[in-house]
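A.B. asks: Sequence:
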Amino acid sequence: MSKRKIHITDVILRDAHQSLIATRMRTEDILPACEWLDQAGYWSLECWGGATFDACVRFLKEDPWARLRQLKKALPNTRLQMLLRGQNLLGYRHYADDVVEAFCQKAADNGIDVFRIFDAMNDVRNLETSIKAVKKAGKHAQGTLCYTISPVHGTQTFLDQAKTMADMGVDSIAIKDMAGLLTPQATFDLVSALKKNLELPVFLHSHYTSGMATMCHWAALDAGVDHLDTALSAFAGGTSHPPTESVVAALHDAGYETGLDLALLEQANNHFRNVRKKYHQFESEYNGVDTAVLMSQVPGGMMSNLANQLKEQGALDKIRDVFIEIPKVRADLGYPPLVTPTSQLVGAQAVANVLTGKRYETITNEVKKYLQGWYGQAPGEINQELQRRAVGNEELIDERPANLLPNEFHKLKSQIGDLAESEEDVLTFAMFPDQARTYLEQRQAGTLQPEPLEPLPSAGQSGNISTEFKITVHGESYDVHVTGASPTSETKRRFYMTIDGVPEEIALESLGEFQKGSGPGKREKVTNEGQVTTTMPGNIVDVLVKEGDDVAAGEPVLVIEAMKMETEIKAPTSGKVAAVHIQKGDRVTPGDVLVEIG
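Okay, so the sequence shown: first residue is 1 according to our numbering, each after it adds one.
Careful, some of the hints might be misleading.
Across the chosen pairs, the derived CB separations fall in these ranges [claimed, not checked]:
#1 Leu404 - Leu262: 48 to 58 Å
#2 Gly224 - Glu28: 38 to 48 Å
#3 Leu262 - Lys413: 41 to 51 Å
#4 Lys358 - Asp479: 46 to 56 Å
Quick list of in silico lysine-lysine cross-link-like pairs, BS3-like style, CA-CA up to 27 Å [as the list claims (entries may be wrong)]:
#5 Lys328 - Lys358
#6 Lys369 - Lys413
#7 Lys525 - Lys584
#8 Lys195 - Lys135
#9 Lys72 - Lys132
#10 Lys139 - Lys195
#11 Lys358 - Lys369
#12 Lys163 - Lys136
#13 Lys132 - Lys106
#14 Lys311 - Lys525
#15 Lys278 - Lys72
#16 Lys546 - Lys368
#17 Lys413 - Lys135
#18 Lys546 - Lys570
#19 Lys106 - Lys136
#20 Lys277 - Lys328
It is worth saying that the hints were derived from the structure and are not from the lab.
Using N, Cα and C, we set each Cβ at its ideal position, and we do this for glycine too.
Please model the complete structure; the sequences and the hints are all you need to start from.
C.D. replies: Laid out in structure tokens, this is it:
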């Protein structure tokens, strides 16, 4: 009797480093391992999509399309897989059908073989165009269930969704457990239902955050699962995934066949073990097993990015408060699964609620669009009071949102102009307009520079030498670990640290000139009602008023981007605009006077 084959997809090149080091791995650190990965015997390697596209443009100053082509060349014998957000593609809004079709075709042309397609709302209407486009390109379209727990989710809910996706022509079904919420019994029940009712291969993708992922793997095997997602052990565990080597060894011992060569896996893993040290500054403090996820339901990639973003804002000490707030916001929004982009929507709104100290005093633009229906149908009932507050008298959307979007590819092509050297560049601009324009301008000028990496600790030292040290004061020695700091743009900076394990906060007054955005100068701090400020540190995306304009209380005067979400800042009072102290691109912090209304 032949052994049952269990196919393995490794996520080392995408989700693993997205979960553990905020998606910061550079192409130069991926390519050396490709020879071993390509020979190892994987069914596929997940290497693109998710947050990799954003990180390449925003932080690494790499062309994500060039990365894909390089990977295709370096991995000729292995299927390349990507994570695609349905009508959202890789951005944070719905795109017109012509953009979705162009993106899927170009992704296929540049090397993607398997498209794992999901919708953050599990609204299958938002998958129609991308599934058709992938099938038209002759590639594998995988319909995805975003697993979550709520009063409105259950095995039958997910089975109904899977049946609808099967009717749409998908080639397989994936269970995407992005937060590690699956239990072994829930896994067995769901996989059993899928295998009993559908004639399609079933994939299981489960994060290790709660510590149950390998148990879920074994339950899935008993239920008939066909494919498992794992990560090489150098980037496994914690908010990532079960370790490939351990899973393969256990499968082989239990009589299953994987086709994977453990010796080659070890060579690749040794490479990534050394590579990980290079990115130590992005390591999250939440990379271990964290059973609190069973309450907060925060997925792995969201957790490491949320910690990193709060750290940049000098608010890392608020992360537990944010984790407590996230389930409350999620309930108000009708229990969407926490996966990009809804995880960003819910996370950014929870941060705003915590940092302002008043729930929904500030509502992000994306949450407003969500509440209006631009992301699709919410799984459960939305808080109607919040919806009225955010949407006002605007009409709610109850059809497939993309039906209301006119074709836009040629418009986008015109907007980016000669900076785009290919259709791929136009699609990059479509995903992230401001970041892509900056990237393409720098590419044209030959000034692309990736964000700096902090040096490795010296021999004999543990941790980062710039954040962990020992001091002696009046004969007493103290171990100091700096855990975060407010932005350098603040006149009074806050440093967060532990001293002999006790959390401390220190505020330091700057002696130098505060640099605001593109020019020097020191911003005043808010002292009266007519001065407009922000509740969160961020970058100015747009200034909506000019000196002399008449504005009404509650009217938007500028748009700020914080944590990848855009938020309108509104006039606190009615009057005439007396002064505008910011311009597009400026970095601003809470308390700064941005606009004055007389």
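A.B. asks: Now tell me, hint by hint, if it's right for this structure.
C.D. replies: Hints, verified against the model:
1. Remark: the range hint 48 to 58 Å for Leu404 to Leu262 is upheld by a beta-carbon distance near 52 Å.
2. The hint said 38 to 48 Å for the Cβ distance between Gly224 and Glu28, and at roughly 41 Å that hint holds.
3. About 48 Å separates the C-beta atoms of Leu262 and Lys413, a value consistent with the hinted range of 41 to 51 Å.
4. Distance hint for Lys358 and Asp479: a CB-CB separation of about 37 Å, inconsistent with the stated range 46 to 56 Å.
5. For the proposed pair Lys328 and Lys358, the alpha carbon gap of about 13 Å is at most 27 Å, so the pair holds.
6. Note on Lys369 and Lys413: the hinted pairing holds, with a Cα-Cα distance of about 25 Å set against a maximum of 27 Å.
7. Under the criterion of a C-alpha separation no larger than 27 Å, the hint pairing Lys525 with Lys584 is consistent with the structure, at around 20 Å.
8. This hinted pair checks out: Lys195 and Lys135 have alpha carbons roughly 23 Å apart, not beyond 27 Å.
9. For the suggested pair Lys72 and Lys132, the alpha carbons sit about 23 Å apart, so the restraint of at most 27 Å is met.
10. Of the supplied pair hints, the one linking Lys139 and Lys195 holds, its CA atoms being roughly 23 Å apart against a limit of 27 Å.
11. Proposed proximity of Lys358 and Lys369 is supported: the alpha carbons are some 21 Å apart, at most 27 Å.
12. The straight-line distance between the Cα atoms of Lys163 and Lys136 is roughly 21 Å, inside the 27 Å bound, and the hint therefore holds.
13. The hinted pair formed by Lys132 and Lys106 meets the criterion: a straight-line CA distance of about 14 Å does not exceed 27 Å.
14. Restraint check: the Cα-Cα separation between Lys311 and Lys525 comes to about 23 Å, which is no more than 27 Å; the hinted pair holds.
15. With a CA separation close to 25 Å, the supplied pair Lys278 and Lys72 stays within the 27 Å bound.
16. As the CA atoms of Lys546 and Lys368 are separated by approximately 25 Å, the hinted pair is consistent with the 27 Å bound.
17. Distance check on the hinted pair: Lys413 and Lys135 sit about 25 Å apart at the alpha-carbon level, within 27 Å; holds.
18. Distance restraint check for Lys546 and Lys570: the Cα-Cα separation of roughly 14 Å lies within the 27 Å cut-off, and the hinted pair is therefore satisfied.
19. In summary, the hint linking Lys106 to Lys136 is supported, as the alpha carbons are separated by about 12 Å, within the 27 Å threshold.
20. For a cut-off of 27 Å, the pair hint linking Lys277 to Lys328 is broken: about 36 Å separates their Cα positions.
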